[in-house]
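Asker: So you can see what is in the structure, the chains are spelled out below.
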Amino acid sequence: MSGTVFRPREEGKTRGLTGKHSLTYTSRMVAVSHYEADVFGAISHPARRQMLDLLADADHSVNAIAGHFKMSRPAVSQHLRVLRDAGLATERRFGRERRYHFVPGRLGPVREWIAQYERFWDERLQRLAKLLSKGNKG
Amino acid sequence: MTNTIRRQILIPQPREKVWQALTDRATLAEWMYPNDFEPRVGHHFTFQVPPKPEVGFEGLVVQCEVLECEPPSRLAFSWSVGGPVVNTRVSYRLEPDGMGTRLLFEHSGFDLSQPYGEQAFQGAGYGWAKMHEQLAAVVQGMAAESD
Numbered sequence: 001m002s003g004t005v006f007r008p009r010e011e012g013k014t015r016g017l018t019g020k021h022s023l024t025y026t027s028r029m030v031a032v033s034h035y036e037a038d039v040f041g042a043i044s045h046p047a048r049r050q051m052l053d054l055l056a057d058a059d060h061s062v063n064a065i066a067g068h069f070k071m072s073r074p075a076v077s078q079h080l081r082v083l084r085d086a087g088l089a090t091e092r093r094f095g096r097e098r099r100y101h102f103v104p105g106r107l108g109p110v111r112e113w114i115a116q117y118e119r120f121w122d123e124r125l126q127r128l129a130k131l132l133s134k135g136n137k138g
Numbered sequence: 001m002t003n004t005i006r007r008q009i010l011i012p013q014p015r016e017k018v019w020q021a022l023t024d025r026a027t028l029a030e031w032m033y034p035n036d037f038e039p040r041v042g043h044h045f046t047f048q049v050p051p052k053p054e055v056g057f058e059g060l061v062v063q064c065e066v067l068e069c070e071p072p073s074r075l076a077f078s079w080s081v082g083g084p085v086v087n088t089r090v091s092y093r094l095e096p097d098g099m100g101t102r103l104l105f106e107h108s109g110f111d112l113s114q115p116y117g118e119q120a121f122q123g124a125g126y127g128w129a130k131m132h133e134q135l136a137a138v139v140q141g142m143a144a145e146s147d
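Those protein sequence lines, which keep their order, are chains A and B. Under our numbering, the first residue of the first sequence carries the number 1, and numbering increases by one thereafter. Under our numbering, the first residue of the second sequence carries the number 1, and numbering increases by one thereafter.
To be clear, the hints were calculated from the coordinates, so they are not data collected in a lab. Honestly, I wouldn't trust all of these hints.
Computed list of chain A residues with no C-beta within reach of chain B, every gap over 10 Å [to be verified]:
1) Arg73
2) Arg84
3) Thr90
4) Ala129
Partial list, derived from the structure: chain A residues whose beta carbon lies under 10 Å from chain B [to be verified]:
5) Leu54
6) Val62
7) Phe69
8) Met71
9) Phe94
10) Glu97
11) Arg98
12) Ile114
13) Glu118
14) Trp121
15) Arg124
16) Leu125
17) Gln126
18) Lys130
19) Ser133
Backbone N, C-alpha and C define an ideal beta-carbon position, used for all residues, glycine too.
With the sequences and hints as input, model every part of the structure.
Answerer: Put into structure tokens, the structure is as follows:
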């Protein structure tokens, strides 16, 4: 699957990550879905990453989340909204209370990005091991 | 949310040999990229990642600075490309293991909070989005190389 994730050559092809397949074209005609953009944008703020950490433990109400931050409640709501828009959190009703729920599957693009770097190093370290096993340059 | 890559490999060669492969400019170029590395803390150097036109990759320069250099056991340098990959840290620890060497590799510090990370996704075409295409192209280029 690693080979199917980012293919600069396949412009315009949707990737089936979610139902949202809007694509944008950079100057080099590489397709970047807005959906992925939303996810990376959403986790680019430290407060939002902290919120995700909280939600990863358990569902929380806005008030419970706000209790962990110094910022105003509207500011907290604003951040939660960004997480919701990126699909990283959903709102669920519990009686009169609404609680936020973490959707870890939506972090897929981030994991895939790191996985690309992992692949890069795996190949380089393999080259190193191979080079040393040949015993040349020794 | 992991932002550290860790790998361990066993190499059936003494640490001195492995250290040389990590720190000798010419040898380093063989398994990494052309570079002007020097094994000296504070030395600034670059890796020149060559373009791969067949996968639409224009090439890039990785800016580095040697942070730790303790032959034959410890080497660390910074690794900056742009976007979320600024001042990340690449480190190698070499531990004796029988007749060979256990190489502990770490790449850490991918900064998801890079200030221009957000702008990157508003059409600036840098940061994560650019990293995506660059890295994908480099990896593809490597795959093509080994075919």
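Asker: All hints, please: hold or fail.
Answerer: Hints, verified against the model:
no.	hint	in the structure
1	Arg73	holds, 22 Å
2	Arg84	holds, 17 Å
3	Thr90	holds, 18 Å
4	Ala129	violated, 6 Å
5	Leu54	violated, 13 Å
6	Val62	violated, 22 Å
7	Phe69	violated, 16 Å
8	Met71	violated, 16 Å
9	Phe94	violated, 26 Å
10	Glu97	violated, 27 Å
11	Arg98	violated, 24 Å
12	Ile114	holds, 7 Å
13	Glu118	holds, 5 Å
14	Trp121	holds, 6 Å
15	Arg124	holds, 6 Å
16	Leu125	holds, 6 Å
17	Gln126	holds, 8 Å
18	Lys130	holds, 8 Å
19	Ser133	holds, 7 Å
Of the hints listed earlier, those the structure fails to meet are numbers 4, 5, 6, 7, 8, 9, 10, 11, in rising order.
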